[in-house]
Structures are given as C-alpha cells and as structure tokens.
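K.L.:
Residue numbers (my numbering), protein chains in the order written: chain A, 1 to 342; chain B, 1 to 297; chain C, 1 to 348.
I should point out that these hints are in silico values taken from the structure, not numbers from a laboratory. Think of the CB as a built atom: it goes at the ideal place given N, C-alpha and C, for glycine as much as any other residue. Any given hint might turn out to be false.
[Unchecked claim] With a straight-line Cα cutoff of 30 Å, these simulated DSS-like cross-link-like pairs (lysine-lysine) come out:
hint	chain 1	residue 1	chain 2	residue 2
1	C	K319	B	K186
2	C	K133	A	K28
3	C	K125	B	K186
4	A	K69	A	K138
5	A	K138	A	K103
6	C	K133	C	K192
[To be verified] Derived CB-CB ranges, DEER-like:
hint	chain 1	residue 1	chain 2	residue 2	range
7	A	H153	C	A278	47 to 53 Å
8	C	S21	B	P16	52 to 58 Å
9	A	E253	C	K319	29 to 35 Å
10	C	Q23	B	P17	52 to 58 Å
11	A	S49	C	K319	32 to 38 Å
12	B	F205	A	Y132	47 to 53 Å
13	B	P17	C	D90	32 to 38 Å
14	B	P17	A	T22	51 to 57 Å
15	A	P301	C	E235	53 to 59 Å
16	A	R24	B	P17	18 to 24 Å
17	A	R134	C	S21	40 to 46 Å
[As the list claims (entries may be wrong)] Under 7 Å between C-beta atoms, here's a sample of chain C residues computed to sit facing chain B:
hint	residue
18	L102
19	E110
20	L303
21	A307
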Amino acid sequence: MAEKMTAAPLLRVENLQTSFFTRRGVAKVLDGFDLELRRGEILGLVGESGSGKSVTGYSIIGLLKHPGKIVGGEIRFYGSKGDQQGIDLVTLPAKQMAEVRGKEIAMIFQNPRSCLDPLMSVGDQIMEVLKYRRGMSKSEARAECIRLLKTVHIPEPERRMNAYPHQLSGGMAQRVMIAMAISCAPTLLIADEPTTGLDVTTEHQILELLREMRDVTGAGIILITHDLNMAAEVCDRITVMYAGNTAETAPVETFFSAPRHPYTLGLLASRPRLGEEGDIPTIPGNVPDLIQRPTGCPFHPRCRWATEICAAQEPEPRVIGEGHVVACHHTEVVARDVIAAD
Amino acid sequence: MSATAAQPEATYALRPPFSERWRQGMRALRANPTAVVGLVIVVALVLIAIFAPVIAPYDPQKLDMEVVSQPPSSAHWFGTDQFGRDVLSLVIWGARLDLFIALSAVILSMVVGTVIGAVSAYAGGMTDEITMRTMDILQAFPRFIFAMGIAFAIGPGIGTVVIATSVLNIPGYARLMRSVMLPARKSQYAAAATSVGGSHTNVLFRHLVPNCLVPIFVNSTLQFGWAILEAAGLSFIGLGVESSAAEWGALIQLGFQDFNAGHWWIYTFPGLAIAVAVLGFNLLGDGLQDMLDPRRQ
Amino acid sequence: MSSLRIEHLVKHYAIRTGFASRQMLHAVDDISLDLGAGETLGLVGESGSGKSTVGKCVTMLERPTSGHIFLGDVDLTTLSYNELRPVRKDIQMVFQDPSDSLDPRRTAGETVMEPLTLHHIASGKDAIERTAKLFEQVGLKPEHMVRFPHQLSGGQQQRVGIARALATDPKVIVLDEPTSALDVSVQAKLIKLLRDLQRERSLSYLFISHDLSVIGYLSTRVAVMYLGQIVEIGETRQVFERPHHPYTMALMSAVPASNPLERRERIHLSGEIPSPIAPPNHCRLVSRCPFAVPACSQQPAVLEPIAPGHLVACHRAVKGEIPIPTFAFGSTVTVDSLEGGAAVEGLE
C-alpha cells in the first residue's frame with residue numbers, strides 16, 4: 001500500500017476550532033485540531049463519542065449545523081487540480097463550497113437508509129446526481145448508474161435500480177450511498193461510521209469496498225470510527241482524537257505495535273478479546289464536559305502519568321518517530337513504562 | 001407521578017429539589033419570549049374573568065335607554081349597544097363566560113379523547129379498528145348540524161355549546177394521542193415497564209401517557225382559541241347562549257343586527273377580544289411545545 | 001438444574017405483503033436451549049437471525065407462536081399477562097438502547113425503585129434506601145438518583161438499566177446487546193460490572209449480541225443463530241476455536257483483527273442474509289454456503305452432536321466432509337488451513 005501512496009498532501013487541517021453555541025454555554029468541540037491526509041490514503045479518525053470526530057467531518061465538508069460554527073483555523077484542500085496553494089475551505093464562499101462538496105469531496109454517513117429519499121428509486125437518485133453534477137443526458141446517466149452500481153458490487157444492477165430504499169438491506173443501502181459518493185470521482189471521501197448498524201460480515205464487505213474504491217479512484221479517505229479493530233483492518237494511518245484535540249497520529253503498524261499516548265493505550269487495552277480471561281483494563285473517569293474543559297492536557301484528569309505540568313499546560317504535538325506524532329508531556333516516561341510492562 | 005415523591009426525612013431524594021425545577025422552568029421561560037407573551041395574555045384574561053365584577057364600570061345587563069347605540073366616549077369607552085348596555089362591561093363579563101365554556105369544553109374533550117386514543121393504540125387489533133372507525137364517523141358530522149341536534153335535544157344554552165364543542169373535538173384528541181402513542185408503545189422503556197412486572201394500567205397510564213402529553217397540552221392551548229371561536233359561532237347563529245348574554249359571540253351577533261346603521265363598535269370590540277384570546281392561547285401553545293420536552297432543558 | 005429452559009420455541013409474525021395477502025415471517029423456528037444456574041449463554045447472530053426475538057419471547061414481551069419456556073418449573077407460555085406479573089421478578093431484561101429504555105420523564109431513582117414497589121419488596125423510605133444501595137452496586141452514586149435520563153451519559157444510563165434489572169433479585173437476566181450502543185472504554189467497564197455482579201449473585205445470563213469478542217469474553221457456552229435457527233451450539237472455546245458450521249466459520253473470520261499484523265484470510269459467504277419470509281425447508285445457508293452440495297437442499301439440517309456438548313446443524317460437517325479451520329482462541333485469530341470448496345480471498 002505504501003508505494004501507492006504519494007507524499008502529496010490532499011488535505012491539511014491546522015488548528016481547527018469549532019464551537020457549539022448552546023444554551024448552557026460555548027462548547028469547544030474542536031480545540032486546535034490538526035490533521036493531514038495524503039492522496040490515496042485511508043486515514044482512520046478514531047475517538048469516542050464526544051471526541052469531535054464527526055464534527056471534524058462536518059467541518060471539512062462545510063455541513064456544520066446550527067449552533068456549530070468554525071471559529072478559527074484552516075482547512076487547506078489541495079483538490080484535483082493539483083493546486084500548490086490549495087484552497088482554504090473555511091473561508092471559501094458558500095457557492096464555491098457547494099461546488100467543491102459535490103465534485104471533489106463526498107461524505108457517507110451511518111444509517112444509509114435515512115440518507116436516501118424514501119419516495120425515489122435508488123436509480124433515479126443516482127441518475128439525478130449524475131444529470132445535475134456531470135450534466136449527463138438521461139441515457140448516459142442510466143448507463144453510468146448501472147456501471148456505478150456494478151462498481152460497488154450490487155448484483156443485478158439493472159433490476160436494483162428500480163428498488164426503493166426500504167427494499168434494500170442496510171449493507172445494500174450503504175453500497176448505494178458509496179456509489180453516489182464516488183459518482184463524481186471525488187478526491188476526498190469522508191466516511192462517518194459507515195458500518196454502524198451493519199452486521200459483522202456486511203461490515204467487512206463495506207470496508208473492503210472502501211479500500212477497493214480507494215484503489216480504483218485514488219481518492220483519500222477519512223474513515224471516522226469508534227472501532228479500533230475496524231481501523232486496524234483498513235487504515236494506513238490512524239489519528240486518535242480526544243476532546244477535540246489530536247492525541248496521537250501514527251502509521252497503522254506503529255500505532256498498534258508502539259502506541260505512546262496514554263489515552264491510546266487505554267483505548268487499545270479496553271477492547272475485549274476473544275477468549276481472554278481476567279479483567280479488561282479500563283480508563284477511569286469519563287469524557288470531559290466540553291463547556292468546562294479541563295485546563296492543560298484534556299486527558300490529564302484520567303491519566304495515570306499526569307503531573308502538575310499536565311494540568312497547567314497543553315502539550316504540543318511532538319514527532320517521536322516516522323510519521324508518529326504524540327501530544328503528551330511525558331512520552332518518554334510512558335514509553336519506558338510500556339516497554340517495561342511488556 | 002406523585003406516588004414516588006420523596007419523603008422529606010429521607011436521606012436520599014428521588015426528584016430534584018423544587019428550587020432546581022423552578023430555576024429550570026424560569027430559564028426555559030426566559031429562552032422563550034413567545035411563551036411569555038402568550039402567558040401574559042392568558043393570565044390577564046383569567047384575571048379579568050375573575051375580577052369582572054370589580055373591573056367592569058357598569059352592570060352589563062343594566063339597560064339605559066338614555067344612551068342607546070352610542071359610539072365610544074369617555075363615559076363608555078367601547079360605546080353602548082342598542083339597549084344602552086355598556087359594551088366594555090359586556091366584553092369584560094364575556095371573558096368569564098367564554099373562558100368557562102372554552103375551558104370546560106377543552107378539558108372534557110381532552111380527557112375523553114386522550115383516554116380513548118391511548119387505550120385504542122395500546123390495545124391494537126380490533127379494539128383499535130372499531131374505535132378509530134367510530135371516531136371517523138363522529139368527525140364526519142358537520143359541526144353545526146351536530147350542534148343543532150344537541151340544541152334540539154336539550155335546548156340552546158351553555159350546556160349545548162360545551163357538549164357540542166367537546167364531543168366534536170374528541171376525535172381530534174383521540175387521533176393525536178393514538179399517533180403519538182403508537183411509536184411510544186414500541187419503545188424500550190414501555191417494554192421495560194412490562195418486564196419489571198407492571199400491569200397494563202401501570203404501563204399505559206404511568207409510563208406511556210405521561211410521555212405522550214406534550215403534543216396534547218400544546219394542542220389544547222390551540223384548541224382553547226378554537227373553542228372560543230366555536231362557542232362564539234354557535235351563539236352567533238343562535239344555538240348557544242341567549243342573545244342578550246354577556247358572551248362575545250352573542251355580542252357580535254347583536255352588533256350585526258345594526259350593521260347597516262354603522263354601529264361598528266358593538267361587534268368590533270368583542271371581535272377583538274376573541275382575536276386577542278385566540279392569539280394568547282396560540283402563543284402559549286407554541287411556546288409550551290419547546291418548553292415541555294424534558295430533553296430540551 | 002437449569003434455571004431457564006426453552007423448548008421448541010417458534011415465533012412467526014404475519015406480514016402484510018399485498019392488499020389482502022399475508023405471509024408468515026419466521027423470526028424464530030424451533031429453538032431449544034437451556035441455561036444453567038450461574039451460567040452465561042451467548043446468543044450470537046446477525047440482524048435478522050431472530051436472536052432479539054428469542055430474548056423478547058423468553059421475557060414474554062412477545063408471546064411465542066408455539067413452544068415452552070420454563071423458568072424453574074413454571075411454564076411461562078401458559079400464563080396470562082397478569083399471572084406473569086409476579087413471575088417476572090425472577091427474569092429481568094437489560095435493553096439495547098440505554099437512552100430509549102429509560103422513561104424520559106422519570107428520574108433514575110424512580111425507575112430503579114419501581115420494581116421494588118411493584119413487587120412489594122420494599123416501600124417508602126426503605127425502598128429509597130434500597131434504591132440507593134442498588135445505585136452503589138452498579139457503580140453509580142446516590143446523587144444520580146435525582147437525574148433524568150437525558151442528564152446521564154450512555155454508560156450511566158445503561159447502569160441504571162442494570163440496577164433496575166437487579167432490583168427484584170432475579171435468577172435470570174436477559175441482556176439484549178447491552179453494550180452495542182456504547183464506546184469501547186465504557187463497554188469494557190460495563191462488561192466488568194456484569195461479570196462481577198454475576199459472581200456475587202450467581203445470576204444466569206442470556207447474553208444476546210452480534211459482537212463475538214464480547215460474547216467470547218463473557219459466555220461459558222455459545223449458540224449461533226442463523227435465520228431463526230440455531231446452527232451451532234457448544235462451549236465457547238469449542239465453538240470459537242474449531243467452528244464446525246460454515247456460518248460460524250464466516251462469522252469468526254469476519255471478526256476484525258485486533259491489529260494490522262493480523263489482517264487475514266477470510267471465509268466469504270456470498271450475498272446477504274435472505275428474507276425470513278417463507279424460508280426453505282432445507283438447510284437455510286445453502287444459497288450462501290461455499291461448501292453446499294445438492295444433497296444439502298434435500299432435507300433440513302438438524303443439530304447433531306460432534307463432540308460432547310457441541311452440536312452442529314450441517315449435513316456435511318457432521319460427516320466430516322468439510323475442512324475445519326482452527327482459530328487461535330485467546331490473543332490472535334488466524335485461519336490455519338482451508339481447502340476444498342471454500343472461497344478464500346487473500347488480502348494483500
């Protein structure tokens with residue numbers, strides 16, 4: 001996979017700040033979040049609920065809903081034109097953003113069936129996108145639609161075109177969503193928990209499909225998930241989010257062989273494993289309230305390595321290996337302890 | 001849900017203290033100016049109705065042949081009608097009668113309709129089918145024809161207005177309750193209430209109905225406005241209270257008799273009163289919708 | 001002595017398929033299970049397998065079409081709604097969606113206290129104190145009693161659900177995907193809680209889940225369901241280490257690797273789970289099974305023992321006609337050998 005990857009960045013998110021202005025106060029859901037995605041790469045964006053991973057997706061594609069708002073930072077997107085400068089999606093006018101959203105960035109969601117119009121056959125829905133976005137005639141759109149459905153391995157596409165969303169299984173509906181997402185050959189695909197609610201065997205098929213789509217289209221994919229095992233399956237790199245910050249980013253092998261952020265360690269350990277005896281280690285405490293964020297490192301109240309500096313000062317992300325970035329004051333101590341424990 | 005209220009001497013509480021709920025309620029009100037405006041109007045109407053004898057400048061039924069059909073003046077702010085009665089006093093006393101009619105009609109139809117709808121949805125099957133078809137028949141009746149039938153049976157009067165208005169509103173409530181209840185019935189908390197050993201009555205009336213009441217309450221405030229309009233309408237066509245009563249609809253009808261004479265004040269002011277009352281209840285209803293949902297606090 | 005015994009459970013639903021036509025949806029088709037005291041039986045299957053219907057029938061939230069459910073000596077299926085009420089004390093349920101399973105207008109304390117008052121276990125001050133104790137047992141604070149469900153996190157909500165199920169001191173608890181709506185770190189805490197509670201109170205769990213890792217961690221025995229039937233049942237280790245049914249094999253090989261070095265070969269079933277309306281009268285996996293031969297479509301596959309306590313419903317597996325993969329049970333899961341007609345795809 002590594003050789004397919006070109007070093008050229010496709011997306012660079014820097015110091016992104018997204019806040020939600022609620023009745024109770026301002027929730028800083030993303031607080032200086034960084035991310036980089038290369039072309040043809042699958043990046044896993046992993047975190048628990050409340051970590052801001054979905055909000056990241058919505059911020060990038062410009063679909064944040066009230067009361068959410070980007071209040072700072074930059075989302076630089078180096079689209080298909082191979083633009084050296086890239087465009088900043090945060091400041092891009094709405095009209096141009098809509099253009100980019102349709103043609104260059106696509107997103108798929110969980111609950112695919114609720115994303116489809118229940119009153120329209122799936123074929124018509126895909127064809128509508130093709131006619132509108134790619135200016136195809138009806139017959140062209142029809143042929144293209146069948147081709148797309150074939151690409152996502154829907155059997156008997158000519159017949160399935162006429163099916164309505166409720167006649168499709170969850171897995172099939174997600175395939176249709178993927179077909180629709182890739183219909184304009186986007187360079188960036190954001191998949192927000194695409195397999196939630198699907199069965200294990202179907203989940204696996206959808207993941208394979210995503211990887212295949214990456215191979216076919218060369219698009220960069222951000223896979224938003226709470227499931228580390230799933231990220232292990234398909235991702236090239238993984239970014240762990242905690243309370244709107246990047247905790248750790250690493251190539252997938254490094255991520256699982258030498259994780260260094262205390263939160264990552266906790267997450268990895270708390271997965272139940274087949275046939276394992278004994279207690280599952282857990283992370284004490286709960287995800288912080290984003291309206292009253294902890295000072296310093298947001299993870300420090302739950303961290304066993306925390307010292308005074310953690311409460312006082314937010315850790316800067318530090319490069320500790322090839323492509324391995326950790327935001328922790330005590331990386332060396334943690335590394336020593338982890339190696340000792342092994 | 002009062003049975004579960006904590007005793008004061010208990011170390012542990014089951015409900016947040018009243019002060020906290022009050023604070024939350026106030027916060028919800030502050031965030032909802034529409035509801036506040038509605039509430040102010042409704043409270044003002046209720047106060048006017050209660051203190052009508054004190055507020056009204058004249059006895060509304062006192063005939064004064066000296067001042068027949070006078071336009072608004074400093075002595076009679078809203079003018080006088082063709083019998084020399086003070087229109088302002090009539091409108092103030094009218095608040096009493098109209099609020100009473102609307103309140104009793106709405107409460108009657110709400111209670112009956114809600115129970116019918118809830119039981120129907122909960123029981124399902126044939127019970128549901130039969131109940132809902134009965135509601136269809138009831139709803140298919142032209143309203144005024146139905147009211148005429150009741151008036152024929154028991155004679156025109158307040159009773160007729162209340163019964164006619166409430167009976168015809170029952171299907172609406174039943175249908176609304178049923179539509180909210182059907183998805184609620186499938187919820188896991190209903191299943192949980194059954195699985196811990198609750199009786200049908202317990203599951204339906206202690207768990208499901210309380211969770212389905214928000215739209216019912218909201219609808220009721222909207223219905224208040226309608227009920228006033230309907231009661232006024234019935235009086236206007238002579239099926240309601242007698243034409244000389246201090247009731248807004250009856251007053252408008254009285255005013256219309258002198259329409260050609262240009263005595264606009266007799267029908268305009270009671271008409272405005274109806275409009276304000278309907279507006280107040282509707283604003284309150286809209287506001288309540290946002291406030292009553294516990295998940296939105 | 002088993003605390004719960006299910007005999008030939010069948011649940012069909014009538015589905016309207018057209019203007020006047022109805023068809024039967026076979027959600028559960030002839031299932032027998034028993035659950036020993038203090039045991040955890042895992043019920044695994046994908047959506048549409050009927051596993052949740054089994055849970056609802058066992059707790060009599062749905063009336064079975066036929067079959068018997070014995071709780072101790074009592075056959076639940078013969079009891080009316082009102083006769084069931086006192087019996088429900090002994091069999092409780094924890095639901096899948098913690099936010100939906102709590103009455104939104106009741107505080108957590110009221111929710112947990114309700115079974116105590118319903119079954120006249122305690123009343124007044126005593127009931128409140130017992131409720132507070134239950135809160136502590138599930139790792140909540142008595143202060144949480146005044147909170148409404150929307151003021152609690154998902155994990156806390158599910159703890160309230162567990163406290164409610166524990167209130168009547170039941171013998172059996174049916175857990176329907178209790179952790180699937182929760183984050184990993186929260187899930188781990190709940191699993192630990194469930195296991196500790198089981199040890200303290202010698203509870204029997206019927207644990208319904210699609211997550212093999214969770215099932216593998218908690219269950220002593222496991223039953224695999226496909227299209228309303230049990231296709232394989234046995235000790236968890238037996239079933240997961242040497243699955244004999246092709247469907248179990250596919251499930252096991254679909255478990256995501258816990259790290260990228262373990263990305264591995266897969267056993268693929270073609271297509272998706274077929275509709276449970278009018279299922280065929282033979283082995284139900286035939287249309288998707290890589291090992292299917294014409295003989296499989298001749299007669300229904302019934303559970304037959306292949307080892308003590310290990311039963312499989314597959315014509316070919318019981319005759320030893322298909323290769324049995326070994327999954328390392330414990331740390332890593334890999335497919336050792338697969339030959340024959342298996343559609344095996346290499347990954348990289």
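K.L.:
It remains to establish, for every hint, whether it holds in the given structure.
P.N.:
Hints and how they fare:
In summary, the hint linking K319 (chain C) to K186 (chain B) is not supported, as the alpha carbons are separated by about 45 Å, beyond the 30 Å threshold. Proximity of K133 (chain C) to K28 (chain A) is assessed by CA-CA distance (about 37 Å); at most 30 Å being required, the pair is judged violated. At most 30 Å may separate the alpha-carbon atoms for a hinted pair to count; K125 (chain C) and K186 (chain B) exceed this at roughly 33 Å. In summary, the hint linking K69 (chain A) to K138 (chain A) is not supported, as the alpha carbons are separated by about 39 Å, beyond the 30 Å threshold.
Simply put, K138 (chain A) and K103 (chain A) have alpha-carbon atoms about 19 Å apart, close enough for the 30 Å limit, and the pair holds. This hinted pair checks out: K133 (chain C) and K192 (chain C) have alpha carbons roughly 19 Å apart, not beyond 30 Å. As the Cβ distance of H153 (chain A) to A278 (chain C) is approximately 27 Å, the hint placing it in 47 to 53 Å is violated. In this structure, S21 (chain C) and P16 (chain B) meet the distance hint of 52 to 58 Å, their C-beta atoms being roughly 53 Å apart.
In this structure the hint that E253 (chain A) and K319 (chain C) lie 29 to 35 Å apart at CB is violated, the actual value being about 43 Å. For Q23 (chain C) and P17 (chain B), the hinted distance range of 52 to 58 Å is satisfied, since their beta carbons lie about 56 Å from each other. Between S49 (chain A) and K319 (chain C) the C-beta distance comes to about 48 Å, which lies outside the given range of 32 to 38 Å. The given range of 47 to 53 Å is respected by F205 (chain B) and Y132 (chain A), whose C-beta atoms sit roughly 52 Å from each other.
Taking 32 to 38 Å as the suggested C-beta distance range, the pair P17 (chain B) and D90 (chain C) conforms, at roughly 36 Å. In this structure the hint that P17 (chain B) and T22 (chain A) lie 51 to 57 Å apart at CB is violated, the actual value being about 24 Å. Checked against the hint of 53 to 59 Å, the pair P301 (chain A) and E235 (chain C) fails, with Cβ atoms roughly 42 Å apart. Distance hint check: the CB atoms of R24 (chain A) and P17 (chain B) are about 20 Å apart, consistent with the given range 18 to 24 Å.
Here the CB-CB span from R134 (chain A) to S21 (chain C) is close to 42 Å, well matched to the stated 40 to 46 Å. Proximity of L102 (chain C) to chain B holds as hinted, the smallest CB-CB distance being about 6 Å (cut-off 7 Å). With 7 Å as the threshold, the beta carbon of E110 (chain C) comes within range of chain B, its nearest partner Cβ sitting at about 5 Å, so the hint holds. Given hint, L303 (chain C) at the interface with chain B, is violated; its Cβ is 29 Å from that chain's nearest Cβ, farther than 7 Å.
A least Cβ separation of about 36 Å between A307 (chain C) and chain B goes past the 7 Å threshold, and the interface hint is therefore violated.
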